[in-house]
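Colleague: Here are the chains, one letter per residue:
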Amino acid sequence: MATLLKDITLQENIPTNILFDKHIEFIREYGQKENTYEYGMTDYLRVSGMYWGLTALELMKSLPLQTKEQIAEYIKKCQDTTSGGISACIGHDPHILHTLSAVQILCIYDNLEAIDTEGVVKYIASLQLPDGSFSGDKWGEIDTRFSFCAVATLSLLKRMDAIDIDKAVGFVTSCKNFDGGFGSRPRSESHAGLIYCCIGFFVYHQ
Amino acid sequence: MHGRFKVRTTEEQKAIKHKEQQKKLAAYHAGVQQILSSRKEDTYDPISLDICSQLLTLNPDIYTLWNYRKEVILIKIEQRPLWLISPKDPSCRLLFLTHPRNIDRSIQQAVSRDLALELFGECYGKDGDEGEEKLIKFLENEFRLTEQCLIANPKSYGSWHHRYWVLLRHPKPNWENEFNLCNKYLTMDDRNLHVWDYRRLIINKISVTLVDELKFSTERLNANFSNYSSWHYRSTLRELDEESVTTELNLVQNAVFTDPFDSSGWFYLRWVLSNPAVTKERREELLDAFGAAGRDRTRLQMLFWIIMAKCWLTGSLVLNDKDYVDKRVEYYKQLAKLDPMRKGQYEDYLKIAEEKLKKIGDQSS
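Quick mapping for you: the protein sequence lines, in order, are chains A and B. The first sequence runs 1 to 206 under full-length UniProt numbering. The second sequence runs 1 to 365 under full-length UniProt numbering.
No wet-lab data here; the hints were simulated from the structure. By construction, the Cβ of each residue, glycine as well, lies at the ideal position given by its N, Cα and C atoms. There could be a bad hint or two in this list.
[Unchecked claim] Partner residues are not named here, just some residues of chain B that face chain A (Cβ under 7 Å, in silico): (1) Gln34; (2) Leu58; (3) Thr64; (4) Lys70; (5) His161; (6) Phe179; (7) Asp197; (8) His232; (9) Thr236; (10) Leu237.
[What the hints assert, rightly or not] As a list, the in silico DSS-like pairs of lysine-lysine whose alpha-carbon atoms are at most 30 Å apart: (11) A:Lys167 to B:Lys327; (12) B:Lys19 to B:Lys40; (13) B:Lys19 to A:Lys33; (14) B:Lys40 to B:Lys24; (15) B:Lys337 to A:Lys6; (16) A:Lys22 to B:Lys6; (17) B:Lys327 to B:Lys356; (18) A:Lys76 to B:Lys6; (19) B:Lys155 to A:Lys6; (20) A:Lys138 to B:Lys215; (21) B:Lys14 to B:Lys40; (22) A:Lys22 to A:Lys68; (23) B:Lys40 to B:Lys6; (24) B:Lys14 to A:Lys33; (25) B:Lys40 to A:Lys77; (26) B:Lys343 to A:Lys6; (27) A:Lys22 to B:Lys172; (28) B:Lys6 to A:Lys6; (29) B:Lys155 to A:Lys138; (30) B:Lys359 to A:Lys77; (31) B:Lys17 to A:Lys33; (32) A:Lys138 to B:Lys17; (33) B:Lys172 to B:Lys184; (34) A:Lys61 to A:Lys176; (35) A:Lys176 to B:Lys14.
[Said to hold, decoys possible] Label pairs and their calculated CB-CB ranges: (36) A:Ile108 to B:Glu130: 52 to 62 Å; (37) A:Val203 to B:Asn224: 31 to 41 Å; (38) A:Leu129 to B:Gly3: 24 to 34 Å; (39) A:Ile14 to B:Glu176: 31 to 41 Å.
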């Protein structure tokens, strides 16, 4: 229904299978030899970047160059002992986005015990507001992305009881729009990324 | 990245670039390290704050750096000099309060909060003119920084949030100014969700009537019907009743006939038609209008939307009217041909419509 632009002409001899080995190699080597600049400059999202790479490797039944213990050690150092939240990178501030990524990574390798999971639960519960919404961190930005992060994390930790789920549902529902889509806050325009988060939220709520 | 050609460079060029990048990387890490190690509870390092501004201008997504700035602002707010006023005698306001650890010795009557409470009993603080001025000057600098960052990247969550956060703590926030800023950004990109969201926050703080907002919305749409954000905004303004539903139907009918190739008007039409206040007569009128327009089979994309609209219209007409269910079966078959990517969806609807048709057939036999 949207006007699609065709800006690529495919050659005849292109591969028709996914070259998994090449993808595995790329991810495993990322930040080791090539791309050290991009890798270094994106430390502000490191833990989430790790999740994207590691989950892709896991789906391709491959392992990273680092050991599970090394990965867990790094994540452990990213947990803030005061708030319980986890940051993107050592020394940076905790945020719900990276807290989810951290928990997801540890679930892949089955070593949640590397972090203080009760601390994570406390952190997420502390971010819920009276109207059911969640802020991303203590500085107060509200977004349905964070509602998704909250239930996704608590679902993995089997601690959905820690938040007011009815209020949370109420808030996300209030973000539904005239076109059936969802936005980041009530009355925000529908956006595919937020629709993903809101539908994902409802899936976790089931 | 999308749409970027891979430029092949010589080994030499590669080496130079690599060296430059390593320098930038080292500077970035050193800068962040300096800032993070300077974080203290009740003082801040102005040099670190300056480095922070530079780094954020280059990359406003480094969220920890925005957090650091907020901490500094809170220190500034906490440490500003205040008048202490006794509720028992409001004219008595000769005492300054400064942060106990930061007493300005040049202010002769500076006292600590504890001493003030001892002398006055309960009292409250009020910004002295000087203190307020200094704070405002400091916060204006924050606005300048966010504006710089937003010009470079108008879609950074961090920049928008910081600006709003500062406004909430500004002694004399100029909400009208912010409102105008939104309109300026909408002129540059009227699909920027961040700007629309920010505008919504500002509107809560100033008094804007529904009439104003409808006028604004109508102006935007008249300037450009092909604007999903404007239609979306309009949908959030009010619940539609009999009167407003007519206004909206007229507006959007005009839009889809003027610019039938843009999907946003059609989505809005679907929403308006879902309102029970739209009369049967009006639906039949529209059905006729679309019927006439649909006879031009050269404009396939418009035909697609017309058939979709006919589905919406006939779906909400009285369903035991066998004629219309019949037509919808045809419509869905046509849609599946016109839009094969979504064939599955139309076949789902077709199944439902055919079942209804069968039920009607069974009932009449």
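Colleague: For each hint given before, does the structure comply? Return the numbers of the non-compliant ones in rising order.
Modeller: 1, 2, 6, 10, 11, 12, 18, 20, 21, 23, 27, 30, 32, 34, 35, 38, 39
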